[in-house]
Amino acid sequence: MSTVGGERVVVLAGGLSHERDVSVRSGRRVAEALRDAGVDVTVLDVDGALLPLLAADPPSVVVPLLHGASGEDGALRDVLGLLGLPYVGSRPAACRVAFDKPAASTVAGAAGLATPLSVALPQTTFRELGAGAVMTALLDTLGLPLMVKPARGGSSLGAAVVRTAAELPPAMVNCFSYGDTAVVERFVVGTEVAVSIVDTDGGLMALPGVEIVPDGGFYDYSARYTAGATEFFSPARLPADAIVACAEAALTAHRALGLAHLSRTDLIVDADGRPWFLEVNVAPGMTETSLFPQSVAAAGLDFGTVWRALVQRAMPATG
Amino acid sequence: MDSPSSGAGPEGANDESRPPRGSRLDPFLSAYAARARSMTASEIRALFSVASRPEVVSLAGGMPYVSALALDSIGESFGALISQRGAESLQYGSGQGHVELRDQIAGLLMPLVGVHAHPDDVVVTVGSQQALDLVTRILCDPGDIVVAEAPSYVGALSVFAAYEVLVEHVAMDDEGLVPEALRERFAALAAAGRQPKFVYTVPSFHNPAGVTQGPARRAEILALCQEFGVPVLEDDPYGLLGFDGVVPRALRADDHDGVLYLGSFSKTFAPGLRVGWVVAPHGVREKLVLAAEASVLCPSSFAQLAVSSYLTTQPWFDQVKVFREVYRERRDALLDAMAAMLPEGTTWTVPGGGFYSWVTLPEGIDATAMLPRAVTSRVAYVPGTAFYAGHAKVLGRRSLRLSYCYPEPERIREGVRRLAAVIEEELDVLATFGPATTAGDSGTPSDVPGPATA
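So the sequences go chain by chain: A and B. If you're matching positions, the first sequence starts at 0 in numbering that gives the first Met the number 0 and goes up one per residue. If you're matching positions, the second sequence starts at 0 in numbering that gives the first Met the number 0 and goes up one per residue.
Be a bit skeptical, because a hint or two may be false.
Some but not every residue of chain A turned toward chain B, in silico, with C-beta under 10 Å [unchecked claim]:
no. : residue
1   : 173
2   : 224
3   : 227
Honestly, the hints are just simulated from the structure, not real lab data. The structure displayed is predicted, hence computed values, not measured ones. Ideal Cβ positions, reconstructed from N, Cα and C, are used throughout, including at glycine.
Work out the full structure, taking the sequences as your base and the hints as a guide.
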């Protein structure tokens, strides 16, 4: 075999979630980078053919790059564990908590991070108690502006900023189209920063944070995946102590949630320089416009080298 | 060109002497034309990514059922094209198209729709999509107005957007374009000092509406266009696919001077070959040939001869009859399933041919907002907003297009069963929150599935 270390990697990308397209792009990008780094890579979708393929020819390591449910909620990783296949990324129990935004927020809050005041409500609550009364309570308690987003899921699909009371019902309807439970949280005004974490031989390392400035003011799907629609600054244009606070917040979230190998934490830094924890991603996007690869570049590192190191960390220790 | 800030170390962040410069990840950003501004990533388009998975019943795409073709014998005739006519089929050809195929289009195809055409009136194009592009290129300047049906074929709307043409949608009923509405629009435009460049219409088995203009309706529309001096661009890819075996008479059959006719082999033979054509008066034809040469030099010689050989050596009209039967059975499966399962308040068109039915949802439901829920339930459709241009997109919010050309009848029934449940769930949300009509913007031109979507 012509590969450098003889690793045979299966990248899992695609799946059936709303983020299938993003996952396919992430998978392609990581596969290319690993191949350039000398690793033998096969990209597979998650379907009925997958398990027989993995069983017939087990790879050294699996790289799950599935976004959305099953890829990030730990279910698929449980199955990989059953097959005895090593994989890059967090273990199932940690994924289950991290993928559930309200649960992750509770853990982050308990670990001392600032989290926006929020509630998570299933659709049935609105139906049983009357949507008008519940929304009035939300507005009275949380105030405006608000952030509405599905409790599970990424790429800001189904998410919206609500600036007036009239915008709340359509934002709820849109959100419930993506999932049964919605998170409604106080919108923190400030600088949006994403901090990626990688596990290295020297321990956990916070890569330079990326400041996100979308042209339209909201980092929605189009702003995320249209090259040029968002301006990124890495390092973020923040005072040095705020930059350090962001890195520490992401490390705290990664540790408190018991994550492994890599993660990305999304934060808002308020006018006082205080980072607010919004959410954490156990399978951060790896596309051409995604934040994790930008952090890697900002750190002066090579994407393929970083990924190859992650693959090697996932391999069982020998001897 | 844009330079990423990756070189700046941690110290750089506090260097007040130079303002930090961000990265936009696209070094060509300042180079794009204004018309590329609307070419953005689309949340809706991304959702179609799951339509290719077998778990999903896709009623979204427009892929013809090419598996019904006699692939073995077609393969033999294609092989002979290389072994016996390779020097010709692998060579450049005429910009107007190969004369052998133009002969067959004029002699075999056009008489079926009642059009008398000479081979010299025909320009072969890379699918009729290129014909749309070339016609718009030679007829329209930025800011010009084109009149189209409401709703209209999304591929045409994409071409009009690319040439920065404004689209005026005119209402349809069960027989297509409504003459009174067309007259009103012509008059209103004339009063504003504007003359439309042409009326774009799919008169037979409309995509996406599924309706067909009857003979009287066609005469009324032609008379109106003649009265106001507006040419017609007649797009007729489905004309041979009428389920009762009757081929509607083309508009061009009754107006040689005012109608440009677009034909296609994509639905009657093979979309992968990309062969379509235009029948046009000589002045237009000359400009189309020059525009085609600027665009692609010439259409594929191999693809043209492949079609020509298919028409010569294969029972191609029998195959059209097979397609009619396949699609009729699927249309019936769709209509029966909708009648049995879709909730009260949902209405749909009954196509007499072609690939599509246009469904209107109960008042208050937004088909675009509902799509993620449908994808979760493993069924896909195209939201109605895709078939309207610009600010008119809001007109399509309550509608969606269902295609029955690709899935087997049993899968169609399963898809409608899932869709019915999705609509019921959406009605439940609607009852809770009220109509969500103000959600989001009105969409982008990229809110449509790609051509290879099942």
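Each hint, compared with the structure:
| no. | hint | in the structure |
| --- | --- | --- |
| 1 | 173 | holds, 5 Å |
| 2 | 224 | holds, 4 Å |
| 3 | 227 | holds, 4 Å |
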